[in-house]
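Visitor: Sequence:
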Amino acid sequence: MLPRILANKRWQYLLLLAATGILQSFCLIWLIGWARDIAEGGVEQQHVLSWGIGIVAILFLAAGRYVERFYAELLAQRYIFVLRQTVFEKSQCLPTKDFRVADKGGTMLRLTGDMTAIRNWIVQGMAPLIVIGLWFSLSVIALAQLHYLLVAALILPVLIALVGNYLLGRFLFTQSEQLRRRRGEMIRNVTEKLRQLPLIRAYNQSAKESRRFARQSERLMTSQIRRARISALMRGVNEAVLLFAMLALISTGLYLQQKGVLSGEYMAVLMTAALYLLGQLRRLTRLYEFWTLKKVAEKKLRQFLSRDTHAEGRRSRLKGTFKLELQQIASEGRLLPQSYLISADSRIQLRGLSGSGKSTLLSVIAGLTRVSGGRILLCDKPYKSYRTRLISQQISLVSSDLPLLRGSLKKNLLYGARSFTDDDLNKVRDLCHLNSSHILPDDLKARIEEGGANLSACLNYRIMLARALLRKPALLLLDEDVAHQSSVVQEVIGDVARVYPGAMILCADFQGVDKICPQRWFLNSADEQADSVENKNVIPMEHYAKGK
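Numbering (UniProt numbering), first residue to last: 1 to 548.
FYI, nobody ran anything at the bench for these hints, they're computed from the structure. It cannot be assumed that every hint is accurate.
Stated by the list, open to error - With a straight-line cut-off of 30 Å between C-alpha atoms, the simulated DSSO-like cross-links for lysine-lysine are:
hint	residue 1	residue 2
1	Lys323	Lys381
2	Lys410	Lys319
3	Lys410	Lys384
4	Lys323	Lys208
5	Lys445	Lys515
6	Lys208	Lys319
7	Lys381	Lys90
8	Lys323	Lys259
9	Lys300	Lys9
10	Lys90	Lys294
11	Lys295	Lys427
12	Lys319	Lys427
13	Lys427	Lys472
14	Lys410	Lys472
15	Lys411	Lys193
16	Lys300	Lys193
17	Lys9	Lys427
18	Lys410	Lys90
19	Lys90	Lys9
20	Lys294	Lys323
21	Lys300	Lys323
22	Lys9	Lys323
23	Lys323	Lys193
24	Lys90	Lys411
25	Lys427	Lys90
26	Lys427	Lys300
27	Lys445	Lys411
Said to hold, decoys possible - So the derived label-pair ranges between C-beta atoms look like this:
hint	residue 1	residue 2	range
28	Lys445	Gly416	47 to 57 Å
29	Ser210	Ile439	37 to 47 Å
30	Ser487	Gln224	36 to 46 Å
31	Leu162	Leu16	19 to 29 Å
32	Leu243	Glu192	28 to 38 Å
33	Glu73	Ile53	27 to 37 Å
34	Ile58	Leu197	51 to 61 Å
35	Ile55	Met271	15 to 25 Å
36	Phe213	Phe88	52 to 62 Å
37	Arg389	Phe81	23 to 33 Å
38	Leu162	Asp401	52 to 62 Å
39	Leu197	Asp495	30 to 40 Å
Glycine included, every Cβ here is placed at the ideal spot set by N, Cα and C.
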């Protein structure tokens with residue numbers, strides 16, 4: 001559900017725009033009446049006060065344009081701010097199965113292209129429509145006081161314009177949808193390829209990717225040209241209708257003058273007003289185009305916002321000692337059913353052949369991967385009954401899938417840190433060997449590129465580990481990483497295991513890991529059998545349930 005444009009007191013801006021339109025209309029009527037008086041009596045018969053009021057009315061008309069544009073922009077930006085926050089917060093509340101939806105460039109398109117389309121409608125469509133619509137209504141009333149034929153001469157072309165815009169608008173909507181789809185395809189492709197530039201260069205695929213980009217660019221260009229053709233046709237029709245309206249109004253006025261209904265002075269005033277009104281109505285020639293683009297943007301935003309949201313539980317705190325039970329947990333095609341018990345001080349080594357689902361299992365425990373079967377109990381209560389915030393506080397995962405962010409070392413270390421002091425920070429840095437001025441000459445101000453691209457694998461891993469420790473979790477999950485081959489990282493993991501008070505699951509296989517994690521958890525793939533000897537220190541859930 002999209003937020004309403006006029007909610008949260010934004011309707012006040014609408015009232016201001018309406019008041020501006022009414023004030024400008026009265027100023028214009030007074031100027032027309034003053035011009036009539038000048039035409040009838042001459043300039044020399046006008047009082048100085050009349051000239052002063054006329055100048056003030058002209059200034060009001062000019063100031064009205066400023067008020068219209070500025071407050072229309074203010075209304076648009078206030079609304080876009082709320083809408084942007086809504087889209088971003090929705091992307092963070094997506095269920096685990098839809099995580100990749102927000103990472104394919106579509107969210108960027110929603111936050112830029114769609115927001116721009118809605119902004120253009122408010123500033124260049126809705127606001128001028130309110131102001132000029134009031135002008136037009138009062139003009140029709142004024143013309144009706146002169147003669148009904150003048151009203152007919154003005155209203156008939158407007159009705160023709162409405163019908164023409166409606167018929168062309170259906171094609172414009174279709175082409176606008178296709179154009180947005182083409183733009184989304186290009187953004188997704190470019191976003192992916194920019195992340196994988198090393199892969200493209202390593203496999204010498206620059207020419208292939210250039211050809212693919214050229215094809216997408218050509219399709220995008222074709223869609224833009226097709227939409228431009230319809231848009232240009234619509235503008236041409238509207239311009240022709242406006243010119244026809246002016247011609248009809250002037251011709252009708254001349255006819256009424258010949259019949260003696262209108263005087264020459266009134267005819268001069270009528271022609272002046274018609275020319276001025278024509279210039280204002282020209283601002284509305286793209287009205288239907290802006291409205292169509294806005295409808296396309298709203299349709300896509302509604303589709304995104306209507307996606308299922310991650311179901312939040314109600315429990316916000318744990319009762320009793322930390323304990324995690326896995327009952328036949330499985331992920332289709334990635335992880336066979338697993339049943340284990342993890343106590344508050346467990347030290348478990350997670351082992352298994354490639355493809356057995358070690359990383360998937362850790363991601364499932366961290367709540368980042370959807371399970372296709374079984375359930376997880378945290379302190380004897382289902383995972384789903386807890387708030388996501390509580391689970392993330394209790395469990396921290398160190399994995400290459402959760403990389404470092406672009407910014408300073410301090411920003412990365414304190415990302416998600418809970419109730420920490422400077423002493424906590426210094427202890428964790430000492431524990432993870434992050435206090436060396438030789439490695440980090442700028443200390444906490446050291447700059448880190450996205451994903452830690454400017455760091456060694458060893459240093460990258462130690463920073464991620466320190467970040468997880470500062471969250472003070474009850475369960476620390478250490479996924480498989482190439483940095484485990486480093487003696488420094490092995491030493492750090494050993495030190496962490498000795499002083500860390502919570503449970504730990506380590507997915508690694510290096511010399512001395514048996515002393516760090518006496519319990520072993522061996523995963524078997526679909527074509528392998530579990531080694532019963534490896535599981536001797538882990539309590540299978542089916543035995544635990546029977547009290548054995």
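Visitor: Now tell me if each hint is right for this structure.
Guide: Hints, one by one, checked against the model:
For the hint linking Lys323 to Lys381, the alpha-carbon distance of about 10 Å falls within 30 Å, and the restraint holds. Proposed proximity of Lys410 and Lys319 is contradicted: the alpha carbons are some 33 Å apart, above 30 Å. The straight-line distance between the Cα atoms of Lys410 and Lys384 is roughly 33 Å, outside the 30 Å bound, and the hint therefore fails. Between Lys323 and Lys208 the CA atoms are separated by roughly 52 Å; this puts the pair beyond 30 Å, and the hint is violated.
For the hint linking Lys445 to Lys515, the alpha-carbon distance of about 36 Å lies beyond 30 Å, and the restraint is violated. For the suggested pair Lys208 and Lys319, the alpha carbons sit about 58 Å apart, so the restraint of at most 30 Å is broken. Restraint check: the Cα-Cα separation between Lys381 and Lys90 comes to about 27 Å, which is no more than 30 Å; the hinted pair holds. Taking the CA atoms of Lys323 and Lys259, the gap is near 98 Å; set against the 30 Å cutoff, the hint is violated.
For the suggested pair Lys300 and Lys9, the alpha carbons sit about 26 Å apart, so the restraint of at most 30 Å is met. Distance check on the hinted pair: Lys90 and Lys294 sit about 20 Å apart at the alpha-carbon level, within 30 Å; holds. Annotation: proposed proximity of Lys295 to Lys427 is violated, straight-line Cα distance about 55 Å (limit 30 Å). For the given pair, Lys319 sits about 29 Å from Lys427 by alpha-carbon distance, which is consistent with the 30 Å threshold.
The suggested pairing of Lys427 with Lys472 holds, with an alpha-carbon distance near 13 Å, which does not exceed 30 Å. For the proposed pair Lys410 and Lys472, the alpha carbon gap of about 17 Å is at most 30 Å, so the pair holds. For the suggested pair Lys411 and Lys193, the alpha carbons sit about 28 Å apart, so the restraint of at most 30 Å is met. At most 30 Å may separate the alpha-carbon atoms for a hinted pair to count; Lys300 and Lys193 meet this at roughly 24 Å.
At roughly 50 Å between alpha-carbon atoms, Lys9 and Lys427 are farther apart than 30 Å, so this suggested pair is violated. Proximity of Lys410 to Lys90 is assessed by CA-CA distance (about 28 Å); at most 30 Å being required, the pair is judged to hold. Note on Lys90 and Lys9: the hinted pairing holds, with a Cα-Cα distance of about 23 Å set against a maximum of 30 Å. Restraint check: the Cα-Cα separation between Lys294 and Lys323 comes to about 52 Å, which exceeds 30 Å; the hinted pair is violated.
For the proposed pair Lys300 and Lys323, the alpha carbon gap of about 43 Å is over 30 Å, so the pair is violated. With a CA separation close to 49 Å, the supplied pair Lys9 and Lys323 exceeds the 30 Å bound. A threshold of 30 Å between alpha carbons decides the hint, and for Lys323 with Lys193 the separation of about 43 Å lies outside it, so the pair is violated. The hinted pair formed by Lys90 and Lys411 meets the criterion: a straight-line CA distance of about 24 Å does not exceed 30 Å.
A threshold of 30 Å between alpha carbons decides the hint, and for Lys427 with Lys90 the separation of about 37 Å lies outside it, so the pair is violated. Proximity of Lys427 to Lys300 is assessed by CA-CA distance (about 49 Å); at most 30 Å being required, the pair is judged violated. Restraint check for Lys445 and Lys411: satisfied, since their Cα atoms lie roughly 9 Å apart, inside the 30 Å limit. For Lys445 and Gly416, the Cβ-Cβ distance of about 20 Å falls outside the hinted range of 47 to 57 Å, so the restraint is violated.
Distance hint for Ser210 and Ile439: a CB-CB separation of about 40 Å, consistent with the stated range 37 to 47 Å. Distance hint for Ser487 and Gln224: a CB-CB separation of about 58 Å, inconsistent with the stated range 36 to 46 Å. The given range of 19 to 29 Å is respected by Leu162 and Leu16, whose C-beta atoms sit roughly 27 Å from each other. A hinted range of 28 to 38 Å is violated for the C-beta pair Leu243 and Glu192, which are about 50 Å apart.
Against the hinted window of 27 to 37 Å, the Cβ-Cβ separation of Glu73 and Ile53 comes to about 30 Å, which satisfies the hint. Take Ile58 and Leu197: their Cβ atoms lie about 59 Å apart, and the range 51 to 61 Å holds. A hinted range of 15 to 25 Å holds for the C-beta pair Ile55 and Met271, which are about 23 Å apart. About 28 Å separates the C-beta atoms of Phe213 and Phe88, a value inconsistent with the hinted range of 52 to 62 Å.
For the pair Arg389 and Phe81, the supplied restraint of 23 to 33 Å holds, since their beta-carbon distance comes to about 25 Å. As the Cβ distance of Leu162 to Asp401 is approximately 55 Å, the hint placing it in 52 to 62 Å holds. For the pair Leu197 and Asp495, the supplied restraint of 30 to 40 Å holds, since their beta-carbon distance comes to about 37 Å.
In the structure shown, a violation is registered for the earlier hints numbered 2, 3, 4, 5, 6, 8, 11, 17, 20, 21, 22, 23, 25, 26, 28, 30, 32, 36, in ascending order.
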